[in-house]
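Residue numbers (the working numbering), protein chains in the order written: chain A, 994 to 1277; chain B, 778 to 1331.
Quick caveat, the hints were computed from the structure, so don't treat them as lab data. Keep in mind that a hint or two might mislead.
[Claimed, not checked] Some chain B residues near chain A, calculated using beta-carbon distances under 7 angstroms:
| id | residue |
| --- | --- |
| 1 | L810 |
| 2 | L920 |
| 3 | G923 |
[As the list claims (entries may be wrong)] Counterexamples of contact, computed for chain A against chain B with all Cβ distances above 12 angstroms:
| id | residue |
| --- | --- |
| 4 | V1168 |
| 5 | R1187 |
| 6 | D1226 |
| 7 | D1260 |
[Said to hold, decoys possible] Not close to chain B: a few residues of chain A, all C-beta gaps over 10 angstroms, as computed:
| id | residue |
| --- | --- |
| 8 | T1049 |
| 9 | E1164 |
| 10 | R1188 |
| 11 | R1264 |
C-beta atoms are modelled at their ideal positions from N, C-alpha and C, and glycine is treated no differently.
So you can see what is in the structure, the chains are spelled out below.
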Amino acid sequence: MNMVVLTKGVPDFREGQVSFDEDGHLERGETPTVMNPNDEHALEAALQTKVRQGGTVSVMSMGPPGYGDVLREAMESVYADDLYLLSDREMAAADTWATAITIATALEEMEPSPDLVFAGFKTADGETGHAGPQTCWAYGMPIVTHVVSLEIDPDEERLRAKRLVEGDIEEIETVETSLPAFVVADPEFEPSYRRAEHRLRHRDLREETRERAADHEEHMTVWDHADLNLDPDYIGLDGSPTVVSSVDPIPKAPAEREATMVDPERDEEMRQVFEEMAPLAGGE
Amino acid sequence: MTERERYEAVVVGAGPGGAAAAAVLARNDVETLVLERGVEAGSKNVSGGLLYAEESAPYAIDDLFPGFREAATERPVTDYYLHNLAGDRVETFDITDLHEHDTEWSDAVLRRKMDSWLAERVHELTRETGGGLLTGVRVNGLLREGGEIVGVTCDELDPIEADLVVAADGVNSELARDAGLMDWEEPEEWFQGVKAVVDMPEGAIDDRFGLDGDEGEAHLFSGDLFEGVRGGGFLYTNEDTLSIGTVFHLDSLVAEEAEPHELLDALLTHPLLARWLDDGYEEFEYAAKLVPDSKKVAHPSPHEARLVLVGDAAGQMQAQGPIIKGMNHAVTAGALAAEAFSEARSRNDPDAAGDLYERKLRDEGVMKKLRPPRYRAVRALAEHDPVTDALDAVLESPVGRFGVRALGDRLETLYGSPFLSMMVPDTRTPYVTLPTVIAEELGERIGGENDVDPPDLADRIGDLTYDVDVGNPHIEVDDDSFAASGDAVTACPVSARDFGGGCYREETVRTNGDERTVVSLDTQPCVECGTCAVVADTDWEHPRGGKGVEFRQG
Ligand SMILES: Cc1cc2nc3c(=O)[nH]c(=O)nc-3n(C[C@H](O)[C@H](O)[C@H](O)COP(=O)(O)OP(=O)(O)OC[C@H]3O[C@@H](n4cnc5c(N)ncnc54)[C@H](O)[C@@H]3O)c2cc1C
Ligand code: SF4
Chain A
994 MNMVVLTKGV
1004 PDFREGQVSF
1014 DEDGHLERGE
1024 TPTVMNPNDE
1034 HALEAALQTK
1044 VRQGGTVSVM
1054 SMGPPGYGDV
1064 LREAMESVYA
1074 DDLYLLSDRE
1084 MAAADTWATA
1094 ITIATALEEM
1104 EPSPDLVFAG
1114 FKTADGETGH
1124 AGPQTCWAYG
1134 MPIVTHVVSL
1144 EIDPDEERLR
1154 AKRLVEGDIE
1164 EIETVETSLP
1174 AFVVADPEFE
1184 PSYRRAEHRL
1194 RHRDLREETR
1204 ERAADHEEHM
1214 TVWDHADLNL
1224 DPDYIGLDGS
1234 PTVVSSVDPI
1244 PKAPAEREAT
1254 MVDPERDEEM
1264 RQVFEEMAPL
1274 AGGE
Chain B
778 MTERERYEAV
788 VVGAGPGGAA
798 AAAVLARNDV
808 ETLVLERGVE
818 AGSKNVSGGL
828 LYAEESAPYA
838 IDDLFPGFRE
848 AATERPVTDY
858 YLHNLAGDRV
868 ETFDITDLHE
878 HDTEWSDAVL
888 RRKMDSWLAE
898 RVHELTRETG
908 GGLLTGVRVN
918 GLLREGGEIV
928 GVTCDELDPI
938 EADLVVAADG
948 VNSELARDAG
958 LMDWEEPEEW
968 FQGVKAVVDM
978 PEGAIDDRFG
988 LDGDEGEAHL
998 FSGDLFEGVR
1008 GGGFLYTNED
1018 TLSIGTVFHL
1028 DSLVAEEAEP
1038 HELLDALLTH
1048 PLLARWLDDG
1058 YEEFEYAAKL
1068 VPDSKKVAHP
1078 SPHEARLVLV
1088 GDAAGQMQAQ
1098 GPIIKGMNHA
1108 VTAGALAAEA
1118 FSEARSRNDP
1128 DAAGDLYERK
1138 LRDEGVMKKL
1148 RPPRYRAVRA
1158 LAEHDPVTDA
1168 LDAVLESPVG
1178 RFGVRALGDR
1188 LETLYGSPFL
1198 SMMVPDTRTP
1208 YVTLPTVIAE
1218 ELGERIGGEN
1228 DVDPPDLADR
1238 IGDLTYDVDV
1248 GNPHIEVDDD
1258 SFAASGDAVT
1268 ACPVSARDFG
1278 GGCYREETVR
1288 TNGDERTVVS
1298 LDTQPCVECG
1308 TCAVVADTDW
1318 EHPRGGKGVE
1328 FRQG
């Protein structure tokens, strides 16, 4: 079983990490890049398959050279065998369409060709949820989305998945498809290891990966557009049909009050507080 | 439907008993799977604890695990004292001789560090056989086919078949109960141990005890400080912490309606402890667990079909007078059970393992230590209230007091006798009356104030780490009447009368003008000690794998 997990670096939107400039635009340079949180579920689905069926997992991402850290993080969590970074100025500022063309081409380039491709549900920055299905369309294989649990029958080369219908947790259907296939893991995805041998293999893989992740660059292949035989006109910004007309920052709540900081240890400042408050309390 | 998993041997529990069994099985090329419910081995375990390597025992833990003492233990015990206390009078006996009798070495241990180290070695050894060690998996019963035991069932895994199931699951063994080999009925068959691990400033242990880095001390305490409850206190030096605790007969704890945490506080705040502790007292961890009394419960035939019980699960916990030996016997029993299976297997008769194990326990002299015949003789005579009353009356009378004075120093020698320590009756005479009279007659007043301010129960619970299995309590009260389950309100080490933050609470309910006193249970602060499995009417299980309390020290 050859598996590929697609992951993306996104700005770390957690409190305290993200920075915006005065106009409310994201300051990319100031904000650390982390693995798209939803991709964790794709990694879990791939890991479950690797542990239960064996095989290899590659992690692939498109982005600037600095994405190496994101890939290392992904390697550690999926116990990946190798990493692919699609990185090139020509690929920059791609919309989901151009991204899909690039990734699909890279998947075709892989030897041996993948049996299963995993992606997370939506990225934290674009929130479109398009890149996965578009890649799948460009590559030409069946797609199963909103997957919450997964069984593979390697002999029959089939996949059986439980998925949320319309993304609704109340409604679950079971679907089957042939391999190769594309799986979009839902945030509700729950890996299941009900056999001791699976948990033991999981433990083995963790120990093996620890060494590999220490020098992850040894296991990383970087491809640019030339390696993939891609025409720069069809990728990156030039290949993106999406036009961003403008970005509206979320307006700040208007603040009418002004705050003054006082040090409670300083009598002088506390007296001021008292004097300001006294009239409100109806005193002098 | 995929095939059922099977291993030659499944070992349940990664304490000293399970670790020893797994190591010996693996060395004999038996494909062995070890299942431990804690997030890490040791995270559920508590002992005092002095780990003994006995000269007469067929196995010691450092033979099975080279490098054990360097990596996994604290200080060795180089001096051993017993303090008889009456008020602020103290008479101290040096019982190092008793401690050294049949002892190759003895080290203080903290269980999280010890068991997690062992588990790493066990995993390496068993992985080579095709098995391995898994944490976070709770075995919840025996897998049976046509009435025969053929494996185990788990919360987290599908059923697993095995030719040998080693129940090394400790006190309150669910497997031993499932097999009908042990029950959890009689409080007099158990002790309850409570312990605090105390932080000490750098260098303070060497300074205050007068030790040099690789020396350590053990101190035991008995007398009138525990409200007449039968049992005693201990203090052991670790590398840079102290283990201070108490061990009481559970029936006595219940009868006196004593609060375990208050008894621990009575020890911590005794003037004698001011030698070592001051107002900077800081507790790392408060913990508790039941301890079986082998004299009464060590199972003479601890096996059933493919199931063997080792260690606490089989009641193999020896209280040799004041000295407590559970971990070493668990190691021996685990190794003997593994040896028995390997031999039986090589004779193509794996089902004979149980009988062979039982024979080995007897032939190696283990059973004799666990259930000394001399104790049986003494018990027949001495463990009757009238006899105890008479003995106590004599001891406390001028005649008895004169005797104690006359014996003087020779008492220390008598206390140090391994022969006598095997036959101490379970009455208040040796635990309370005699030490009190000794201290009163021979002891010296110690001056000084003890400034220790122990944390209250709410803080002790607050400092513990829990992963609560919300909506899935592991204990349920079957009969909530105060008569059936009220003893738990005081005996539970994390509950107390008039304390709302514990597990058990006394409540008054009014229905249609009727008033009833009942107990209610909240398992969230539970430290899984097992007490209420015995003293209350409950449906008692361990939490699922990885859930519940997590000890950092043990
Ligand atoms: C306060 C106190 C002081 C003590 N002092 C000493 C001392 O000084 N010296 C001494 O030798 N002994 C002492 N003991 C006794 C000693 O701790 C025990 O006898 C010893 O730990 C028994 O070892 P064991 O391997 O049988 O069980 P344990 O050490 O209890 O190990 C059992 C293991 O099984 C696991 N387990 C339980 N149920 C399941 C399940 N269903 N599924 C999976 N895993 C499970 C547990 O998590 C645990 O890791 C003391 C005990 C206490 C409480
Ligand atoms: S609830 Fe029961 S098992 Fe839990 S700490 Fe209290 S007595 Fe022990």
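Hint check:
no.	hint	in the structure
1	L810	holds, 6 angstroms
2	L920	violated, 13 angstroms
3	G923	violated, 24 angstroms
4	V1168	holds, 21 angstroms
5	R1187	violated, 5 angstroms
6	D1226	holds, 51 angstroms
7	D1260	holds, 33 angstroms
8	T1049	holds, 22 angstroms
9	E1164	holds, 24 angstroms
10	R1188	violated, 5 angstroms
11	R1264	holds, 38 angstroms
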